[in-house]
Each structure stands twice: as C-alpha cells, then as structure tokens.
Amino acid sequence: MAILENNTVLEKLKEKFGAYIISSEEQYGMLSVTADSAFNIDILKFLWEDKDLEFRFLTDICGIHYPNSPQPFGVIYHLHSFKYNVRLRLKCFITEEQSISTATMIYASANWMERETYDFFGIIFSGHPNLKRILNMDELTVFPMRKQYPLEDPNRVDKKDYYFGR
Amino acid sequence: MTQVTSIKYGNNLSTYNGPGFQLTSLDKAIGLARKNSLWPLPFATSCCGIEFMATMAATYDLARFGSERLSFSPRQADLLIVAGTISKKLGPVLKQVYIQMAEPKWVLSVGACASSGGIFDTYSVLQGIDEIIPVDVYVPGCPPRPEQILDGFMRIQDLVAHESLRRRNSEHYKQLLAKYDIE
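Residue numbers (my numbering), protein chains in the order written: chain L, 2 to 167; chain H, 2 to 184.
Capping the alpha-carbon separation at 27 angstroms, the derived lysine-lysine pairs in DSS-like fashion look like this: (1) K89/H to K161/L; (2) K89/H to K160/L; (3) K148/L to K92/L.
Keep in mind the hints are simulated off the structure, nothing from the lab.
Bear in mind the structure is a predicted one, so any value in this text is a computation, not a measurement.
The shape of chain L in the complex, shown without the other chains:
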C-alpha cells in the first residue's frame, strides 16, 4: 500500500476546497490545516470518504479561546487515518455570535466531545442532538475555560495574604 504523505493530503484538500483552506503548517511531522468554519462538515466528509485518505477515526475535539483575535473561538478536530496511519489537525475559528455545524452525523463519538467543548467554551454546535453540559455541574452559569473567568474558586480563604504576613 502506498505511503500517504502530508503534502498529498494538503494538495487534495486544496484541490477540492481551494480558497476555503485558510492556512496550513507542519510541526513535528503532523499537518495542521486551518479552514473556513462554514465548510467544516464538507471537509470532514471528504476526508472520511476519499479512498486515498480515509480519516475515519476522530481522536479528539478541542476548543480554544484567543480573546484578542477577531475570531476568538476555535474548534480543533484531531483526525487519524488508520488505513495509512496518518494524523491530521483541522482547525476552524468562529466569533462569539457564530455557531459551527455538528460532526455527529459523520463521527458518533463527536457527540460527547462536542458537549465537552460546549461545556467549557460555550461553543454552539448547531444540529447536535443533545447539546448540554457533560462534565461541569448543571447549575454552572459560566463557561469556565473562557479567559474572562478566573480559574480559582472565590471561596478559597487559606491563601489570603494576611495568613502569610503579606
């Protein structure tokens, strides 16, 4: 079986989606592609179906928050082609008002991963069958991994300065 190179993956993506591939980079032998968030499902479907790629395992979905960026919220898909043993990162960035399409119709495992991303970053996955919190308590009113919220608990008393003579 032919070895699948990162260049081949990138060329195939650029050939099919052209202008919607915003940028790409290769770090430590792993390809990262940033794409238009409106086409995330089309790209994922292509990566799944294409006979020379077959990225059929969704390793993880991550969220990220860059508060100073014009599109502060990112969704990062970590894909793995078992057939060719090649990994790929697909990044899509959105604004706070935008939502992104769910990948649950392609990868069933995306269900819980997207719930987790919603839970911590408040990213709305439109079309998700059950988009509610999965790890944090239901009463939580904030999305704790957004940068504007403090990481520490405000009720903590034993770290106050006066206990240390400061």
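Following the hints, put chain H in place on chain L, whose structure we already have.
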C-alpha cells in the same frame, strides 16, 4: 455506697462501686457504648481513600477501635468519613448522604482536599466539605498516613464519649444544621 473509684475504659468513666452494684450516669454509659461501636461510612473518592483502605487493613486495623463493620448504607452509619477531593458536582450527593444518616452522626474530614480543597484551587472543586455539611474533626495531610487517620478517629471517639445525650435536641445544634440548610 461504699467507695468511689475510677475505672479506665479508654475514657475516664467514673463509677460508684460497691458489693454487688456499680453506678454511673446514663450519658457516660451510652457514650462508652457508642464510641466503641462506631459504624463508619467511607465516602472515599481518591488517594486518601487508599490510605483509608490501609487503615482498615491488618497492619493498622481500625477494627481495634470498634469499627469492624463498615456501613455502605448511610441509614446504618454513625460516622461519615470523607476521604478525597469533592467536586462541586458531587457536593449535593455528599449532602444527601449526610442527610440520610440517622442521628447521632459525626463527620471526619480526611486529608487536605476534603478539609480545604487542597491543591485544587479551581472552579470545579469544593473548597472544603464544611461549605455544605458540618465537620467534627479534620485530619490534615496529603494524603494523611493511617496513623493520622487513626488519631482523627480517636478524636471523634473522644467527642462521642463526652457528648451530652441532649445535645442533638439543643437549640445550638438546630442552629448549626440550619446554617447548612439541613432540616
């Protein structure tokens, strides 16, 4: 009543002894019985739970203190041993377990996490179980050694032995529970 002696049963149980009889107060007799037959409910969530397992096992043997029988139902438990990190999501569960326990009941908080949140100063972790339930004895340590857990258990025994039988009906105790929104 011919003589007054003090017989040691771990605590100083004063009795009035004579030929064929022995007198003491009901509080002290019941305290003695309770302290040597505490049924603990281990609410163990992490590494402190492993230390608690060592405390129960042969080398340290919590059974020596009358706690042979662990109760995994809160209804039959006297002592709630909270060992480990309690996340905020788990908080209502812990409180429910405490409410389900029958009076009289005591709480032993084992380790830094249960006592203060420990290293987990974060939005998802309860900063000490005393935010949701009253605690009788805190055992410091991360995690505490079995000797420390045994020491904490013996402090609980002291409280049990000397507790007034009327304490659970007192206004002070009702106010304490009301502070935690427990009926």
